[in-house]
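Asks: As given, the protein sequences belong to chains A and B, one line each in that order. For the first sequence, this note's numbering gives the first residue as 2, with consecutive numbering after it. For the second sequence, this note's numbering gives the first residue as 2, with consecutive numbering after it.
Since the hints were derived computationally from the structure, they do not count as laboratory data. Just so you know, these numbers come straight off a predicted model, no measurement behind them. There's no promise every hint is true.
One copy or any two copies: either way a pair holds, since identical chains are not told apart in the list.
What the hints assert, rightly or not - In the SDA-like style, the derived pairs of lysine to any residue whose C-alpha atoms are separated by at most 20 Å in a straight line are:
#, residue 1, residue 2
1, K248, S16
2, K248, N3
3, K12, E134
4, K58, D46
5, K248, A10
6, K12, P112
7, K23, A340
8, K248, E20
9, K23, R344
10, K5, A161
11, K12, G113
12, K294, E374
One letter stands for each residue in the lines below.
There are 2 protein chains.
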Amino acid sequence: MNWKLAARAAKMNPSVIREILKVTERPGIISLAGGLPSPDTFPIDAFAEACAEVLRKDGRSALQYAASEGYGPLREAVAAMLPWPVDPAQVLITTGSQQGLDLLAKVLIDPGSRVLVETPTYLGALQAFAPMEPHPVSVDSDDQGVIVADLIAKARAGDAPRFVYLLPNFQNPTGRTMSEERRVAVSQAAAEIGLPIVEDNPYGDLWFDNPPPLPLTARHPEGCIYLGSFSKVLAPGLRLGFMVAPKALFPKLLQAKQAADLHSPGFNQRMVFEVMKDGFLDRHVPTIRALYKRQRDAMLASLQREMQGLGVEYNRPAGGMFLWLRLPEGMDAVSLLPAAVERNIAFVPGVPFYAGESDARTLRLSFVTASVEQIDVAITALAAAIRHRLAEDHAADVQRQLAGSAA
Amino acid sequence: MNWKLAARAAKMNPSVIREILKVTERPGIISLAGGLPSPDTFPIDAFAEACAEVLRKDGRSALQYAASEGYGPLREAVAAMLPWPVDPAQVLITTGSQQGLDLLAKVLIDPGSRVLVETPTYLGALQAFAPMEPHPVSVDSDDQGVIVADLIAKARAGDAPRFVYLLPNFQNPTGRTMSEERRVAVSQAAAEIGLPIVEDNPYGDLWFDNPPPLPLTARHPEGCIYLGSFSKVLAPGLRLGFMVAPKALFPKLLQAKQAADLHSPGFNQRMVFEVMKDGFLDRHVPTIRALYKRQRDAMLASLQREMQGLGVEYNRPAGGMFLWLRLPEGMDAVSLLPAAVERNIAFVPGVPFYAGESDARTLRLSFVTASVEQIDVAITALAAAIRHRLAEDHAADVQRQLAGSAA
Chain A
2 MNWKLAARAA KMNPSVIREI LKVTERPGII SLAGGLPSPD TFPIDAFAEA CAEVLRKDGR
62 SALQYAASEG YGPLREAVAA MLPWPVDPAQ VLITTGSQQG LDLLAKVLID PGSRVLVETP
122 TYLGALQAFA PMEPHPVSVD SDDQGVIVAD LIAKARAGDA PRFVYLLPNF QNPTGRTMSE
182 ERRVAVSQAA AEIGLPIVED NPYGDLWFDN PPPLPLTARH PEGCIYLGSF SKVLAPGLRL
242 GFMVAPKALF PKLLQAKQAA DLHSPGFNQR MVFEVMKDGF LDRHVPTIRA LYKRQRDAML
302 ASLQREMQGL GVEYNRPAGG MFLWLRLPEG MDAVSLLPAA VERNIAFVPG VPFYAGESDA
362 RTLRLSFVTA SVEQIDVAIT ALAAAIRHRL AEDHAADVQR QLAGSAA
Chain B
2 MNWKLAARAA KMNPSVIREI LKVTERPGII SLAGGLPSPD TFPIDAFAEA CAEVLRKDGR
62 SALQYAASEG YGPLREAVAA MLPWPVDPAQ VLITTGSQQG LDLLAKVLID PGSRVLVETP
122 TYLGALQAFA PMEPHPVSVD SDDQGVIVAD LIAKARAGDA PRFVYLLPNF QNPTGRTMSE
182 ERRVAVSQAA AEIGLPIVED NPYGDLWFDN PPPLPLTARH PEGCIYLGSF SKVLAPGLRL
242 GFMVAPKALF PKLLQAKQAA DLHSPGFNQR MVFEVMKDGF LDRHVPTIRA LYKRQRDAML
302 ASLQREMQGL GVEYNRPAGG MFLWLRLPEG MDAVSLLPAA VERNIAFVPG VPFYAGESDA
362 RTLRLSFVTA SVEQIDVAIT ALAAAIRHRL AEDHAADVQR QLAGSAA
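Next up, chain A with everything else stripped away, as it sits in the complex (with noise of 0.2 Å):
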């Protein structure tokens, strides 16, 4: 048959992540790979009740086509926890914020369109943006997000931008948090040059000792999209997340949702509605910081005592789910990956991260998923496949010198 694939189709590829992962399956793997929450923070008892609640009350309605903009209570839910006045009106429910991405790539980016983002940034942002057919352009960035004189040449270096896309609070695949400074700095130069900013926001809540600073969509709702989730602070698996769009954007963002499923699962955000009413999150979300913040700490603890001399630089993440770590000068964490899996851990090199120019000593380690203890037995498998590939490069480099003097 005369299949014939657009053009398109050619910009989108497998997720390297989702090829890695499907290497932790194997038995007795422990993965620092995935960015999935740790199950033991679902509130399963909760959403039994809901179910239960949300179908004796309200089932007809729960299991029928619904509106597109979602379900009204949980517009308002969702406008009254967010700290900046938000209408209701421009909350659009979605198919979690990973549809987000989609939606407002359809509006906003033209084939060949330039768009900014982080170095690294999201790979799930990259792939849902990838249709569309941008051109990704990376902006220097340090450990408090990009640095704003490069963002605004980048932004004056061509076509004017769509938009930054920016991750603030504990980003993936970094960990880092953009200080307070920054916001203000980065804030105040996207109005001054007109740049439009998405603000991806999925693990603001999940913050150890204090809360991030103020989002930047709060400083300025006219010029941002925001992006939220329901995927960390409940479950992933029912698939809710959210976007708050300036009112000039909200129609088109709507039209886009309707071709794309109609609507999101009505049952599943009455079940979301439910569990929330009553000031669950509130109880709810810091279990769930307790928890990451106590992984955290022993994943510190662990890389502080396995890596001493190694050469090895990471950070300390103040929320969030990942930390980052970049392997001593000269190695390479795709070629270190299959020594790792040999020794039962898998992370993700930080390659698939950048836009632009990677830096290949990068990986991504997740806290969240592994216990405390399969952490530190995870790290210490780490360290010592970093020792041995060093004693080999050391090997090989002596042994370089000695044919060197030989000749």
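With chain A fixed as given, assemble chain B onto it according to the hints.
Replies: This is chain B only, laid out in the frame that chain A set:
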């Protein structure tokens, strides 16, 4: 802010039906407009049991991130229930079958690609395709679907079409069914000219007297993408559908799916599997058929009584949810709608369902949402509106003639 929309956003439009449905929310209106399954058919108790069971025995997995392909046992159940040999590896679970249309549009449609559709066709498909900017080409159709000679002519009248989109069973909007003879001819013609088929079958299980003939896909699986849905046999509010794709296309569709929403809710997939697994559909679907048949019969009886002598034509759908009606010569369904709404009934004019030249006299009536009593009241009111309009038109004619003879 410099929000700049993508060119494709101009092709995206709010659904006309959606706007009509807003009117129908007025209290007192009997709506024959929407495509809403009767909530009397939703198996609320079975869902309640399934929810409890899934959360009890499998809560942690049901609530976690999951594979983009869908829940394995559900993919197997789908493959097993289809009337041709299907490898579960070719089944992709989607967020409603609407999402299948979005995914295949991304993978198969370039801007300007010719896509063949029936006359008239499902509006939601036109909307799902629109962001990818196809050139939809309307193939002449009769009460059995596309006319084969015109299908071949249109396929050859320009660049090779990417596919023909067909809804052979109880089509939305017309309720018509493609006969066995027509299926044989369409299938053979498509194979001969190498024309891929997208076969959409959300209504196929809702037959009244006899099951419809075998799907087109069963006759040539490598040349077809098949879309199915749980919305009409279980409930739309769970947003679950599926697509069956040739192995050559599956990986790209899967990548599009992953980028669009990572995966469809695993919780819902398990719920549906749990409900289905003991042959529930074999007991449940006949009750839906019986109910909808009674309602179709009621509508036909009312139409026969009320439309006598008005010059109105309508068909007799053998299943599904919709009946197609054609107003007397010279009468326009769009302009009749306000008069009908004044009489507290609503329908959908046929015009938005045409990709090419439209027949302004046509309109769609749903016989599944309103009760038998409401259907009778509604058809009586619709006939009164038509009679009134005929009288007005006649009076205007007489006046014109009088004006003519006076001149």
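Asks: Now look at each hint and say whether the structure bears it out.
Replies: Verification of the supplied hints:
no. : hint        : verdict
1   : K248 / S16  : between (34 Å within a copy, 19 Å between copies)
2   : K248 / N3   : between (43 Å within a copy, 14 Å between copies)
3   : K12 / E134  : both (7 Å within a copy, 18 Å between copies)
4   : K58 / D46   : both (18 Å within a copy, 12 Å between copies)
5   : K248 / A10  : between (32 Å within a copy, 16 Å between copies)
6   : K12 / P112  : both (11 Å within a copy, 15 Å between copies)
7   : K23 / A340  : within (16 Å within a copy, 61 Å between copies)
8   : K248 / E20  : between (40 Å within a copy, 19 Å between copies)
9   : K23 / R344  : within (16 Å within a copy, 61 Å between copies)
10  : K5 / A161   : between (33 Å within a copy, 9 Å between copies)
11  : K12 / G113  : both (12 Å within a copy, 19 Å between copies)
12  : K294 / E374 : within (14 Å within a copy, 62 Å between copies)
Of the numbered hints given earlier, the model fails none.
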